[in-house]
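S.K.: The listed protein sequences derive, respectively, from chains A and B. Under UniProt numbering, the residue at position 84 of the first sequence is numbered 84, and the numbers go up by one with no gaps. Under UniProt numbering, the residue at position 103 of the second sequence is numbered 103, and the numbers go up by one with no gaps.
Hints are supplied without guarantee of correctness; some may be wrong.
As the list claims (entries may be wrong) - Computed list of lysine to aspartate or glutamate pairs in DMTMM-like fashion (alpha-carbon distance at most 25 Å, straight line):
| id | chain 1 | residue 1 | chain 2 | residue 2 |
| --- | --- | --- | --- | --- |
| 1 | B | LYS174 | A | GLU242 |
| 2 | A | LYS174 | B | GLU242 |
| 3 | A | LYS202 | B | ASP164 |
| 4 | A | LYS174 | A | ASP107 |
Unchecked claim - Residues of chain A clear of chain B, computed beta-carbon distances all greater than 12 Å:
| id | residue |
| --- | --- |
| 5 | VAL64 |
| 6 | ARG65 |
| 7 | SER105 |
| 8 | TYR116 |
| 9 | PRO123 |
| 10 | GLY186 |
| 11 | GLU188 |
| 12 | VAL203 |
| 13 | ASN230 |
| 14 | ASP249 |
| 15 | THR278 |
| 16 | GLU280 |
Think of the hints as simulated: they come from the structure by calculation, not from any bench. Heads up, the beta-carbon is just placed ideally off N, CA and C, and yes, glycines get one too.
Here is what each chain is made of, one letter per residue.
There are 2 protein chains.
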Amino acid sequence: MVLMVKANITERNRCHIYSVIMVILTLMPSHLAFHLTILWLDITCKLDRLFNTQTVVEDIPYEVRRAQEINHIFGPKGSDDAYDLIFDLHNTTANMGGTLILENSRDDFTIQMCHYIKNALAPEPVPVLLIEHPNLKYATTRSVAKHPVGVEVGPQPQGVVRADILDKMRTIVKHGLDFVHLFNEGKEFPPCTIEVYKIMEKVDYPRNKNDEVIAIIHPNLQDQDWQPVNNGDPLFLTLDGEVIAHQGDCTVYPTFINEAAYYEKKQAFVNTVKMELTAEHIRSSVVDHNTS
Amino acid sequence: MVLMVKANITERNRCHIYSVIMVILTLMPSHLAFHLTILWLDITCKLDRLFNTQTVVEDIPYEVRRAQEINHIFGPKGSDDAYDLIFDLHNTTANMGGTLILENSRDDFTIQMCHYIKNALAPEPVPVLLIEHPNLKYATTRSVAKHPVGVEVGPQPQGVVRADILDKMRTIVKHGLDFVHLFNEGKEFPPCTIEVYKIMEKVDYPRNKNDEVIAIIHPNLQDQDWQPVNNGDPLFLTLDGEVIAHQGDCTVYPTFINEAAYYEKKQAFVNTVKMELTAEHIRSSVVDHNTS
Numbered sequence: 001m002v003l004m005v006k007a008n009i010t011e012r013n014r015c016h017i018y019s020v021i022m023v024i025l026t027l028m029p030s031h032l033a034f035h036l037t038i039l040w041l042d043i044t045c046k047l048d049r050l051f052n053t054q055t056v057v058e059d060i061p062y063e064v065r066r067a068q069e070i071n072h073i074f075g076p077k078g079s080d081d082a083y084d085l086i087f088d089l090h091n092t093t094a095n096m097g098g099t100l101i102l103e104n105s106r107d108d109f110t111i112q113m114c115h116y117i118k119n120a121l122a123p124e125p126v127p128v129l130l131i132e133h134p135n136l137k138y139a140t141t142r143s144v145a146k147h148p149v150g151v152e153v154g155p156q157p158q159g160v161v162r163a164d165i166l167d168k169m170r171t172i173v174k175h176g177l178d179f180v181h182l183f184n185e186g187k188e189f190p191p192c193t194i195e196v197y198k199i200m201e202k203v204d205y206p207r208n209k210n211d212e213v214i215a216i217i218h219p220n221l222q223d224q225d226w227q228p229v230n231n232g233d234p235l236f237l238t239l240d241g242e243v244i245a246h247q248g249d250c251t252v253y254p255t256f257i258n259e260a261a262y263y264e265k266k267q268a269f270v271n272t273v274k275m276e277l278t279a280e281h282i283r284s285s286v287v288d289h290n291t292s
Numbered sequence: 001m002v003l004m005v006k007a008n009i010t011e012r013n014r015c016h017i018y019s020v021i022m023v024i025l026t027l028m029p030s031h032l033a034f035h036l037t038i039l040w041l042d043i044t045c046k047l048d049r050l051f052n053t054q055t056v057v058e059d060i061p062y063e064v065r066r067a068q069e070i071n072h073i074f075g076p077k078g079s080d081d082a083y084d085l086i087f088d089l090h091n092t093t094a095n096m097g098g099t100l101i102l103e104n105s106r107d108d109f110t111i112q113m114c115h116y117i118k119n120a121l122a123p124e125p126v127p128v129l130l131i132e133h134p135n136l137k138y139a140t141t142r143s144v145a146k147h148p149v150g151v152e153v154g155p156q157p158q159g160v161v162r163a164d165i166l167d168k169m170r171t172i173v174k175h176g177l178d179f180v181h182l183f184n185e186g187k188e189f190p191p192c193t194i195e196v197y198k199i200m201e202k203v204d205y206p207r208n209k210n211d212e213v214i215a216i217i218h219p220n221l222q223d224q225d226w227q228p229v230n231n232g233d234p235l236f237l238t239l240d241g242e243v244i245a246h247q248g249d250c251t252v253y254p255t256f257i258n259e260a261a262y263y264e265k266k267q268a269f270v271n272t273v274k275m276e277l278t279a280e281h282i283r284s285s286v287v288d289h290n291t292s
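Same shape as in the complex, but just chain A (with noise of 0.2 Å):
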């Protein structure tokens, strides 16, 4: 299922954000729903691909088909007539609670997005997960635009709806469209910092020399998205009995624990580290009187 929401179009500029998309995934369960999911996790695989091929190919699968659709009408990736901010919405099963995901710690805008989010939803925390990374980053549907905001809640089995998770991508993307508009109507926002976790190592399974998964997530591991891990901590727990402890000097914060898409990527959890993302003051230099 796929939500567009265009909001505030006024006056194009490159300070005016005027276009939002949000995808919604999954919202309503279904088998049909859970194949979109998974179609999904496969496009972003190869959207970098596809955003780089002008030429459409004839009898292609339907997801490499959507995926070229996309960057057709919000993109083209890159370029100055790609929207200028898309929300992506996912959810998933680890206790991640309401998490926002940065793809580039130099964008002022999202940072400051995210600060705002923040503070409006204080005293809950609101995780912002930073996934640049030389080899870890990966090409998702949502950089296609200028500004893209991951948002991923949960925990929440696939194929189910949960009135409180749905109630919490409600609030965030809500206090999102309100800085929008704020920022369209000209208000100014100030320098910000926000704490940030930004990913380092995706973590496998423990296997067998016939690559068969042999442990499980450690139950004192199970939930604590976000916690630190330090060196000795529990992190698997073999079918044996065994336990499987993190092994490293430095503290972590996994995160996407037990994830259950997750598990044919090979990656039980991605551990964090926490960094502070600064962003300058910003304000649109054109304001749309029409629309305050």
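Position chain B against the provided structure of chain A, taking the given hints into account.
M.R.: Only chain B this time, still in chain A's reference frame:
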């Protein structure tokens, strides 16, 4: 994945539990396992008919052939040759805890086993769901055995293994096998009474004229399996924010609330009522002293 365990195989006698199989579904998360789960649900709809069919037809779907094989190996259903006991292990996205499912209110052996398991795990609750109902009873894989016992543990998302859920399932099965062992050793179990939740009705999601779902489980009901619901208590929340409440003079105890696999079955939850089941004393009439 099918795991077969034969426990305490001694001299055959109708009063002697000599054979146990356990069917474990979706123990390891993978697309195949998910697929198998769905197939299994399909199977359960067809088992009764299949189990009454003597002829094996070629070119039939895998799941139908598999059902016939299960009936051939562990049945035939309803015959003296059928296995004595099957534990049928499932997990659910509903917050049902560790639940036992009975099919027959007059089966002293399984009632005694539930009584034993409940006592062994007290004070942790082990709800017992009785699916004996003229219209709502469904043919289960386990029903090929003389004494079928369902074990339903949740909440666990599809495609995910949680250590706590796996441990709870292991513990329940362990106590069940202990009970079998004691029975086979000749222990007498005096008359007992257990509280069960008897299935009364299946409740669908509210729908519009086009048969589309228009409401989700109300947050006050989510995760509240086995808790009393009275007239006026909220059941659903429409996407417009309207609350749909329970109407009825009797207290009901919903369960299987928001089970992912049941959206397609048009089942948001099932309502149950509390009742008591009583079992006569049981004692194996044949004790093989070689095993004691």
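S.K.: Which of the numbered hints above does this structure break?
M.R.: Of the numbered hints given earlier, the structure breaks none, since each of them holds.
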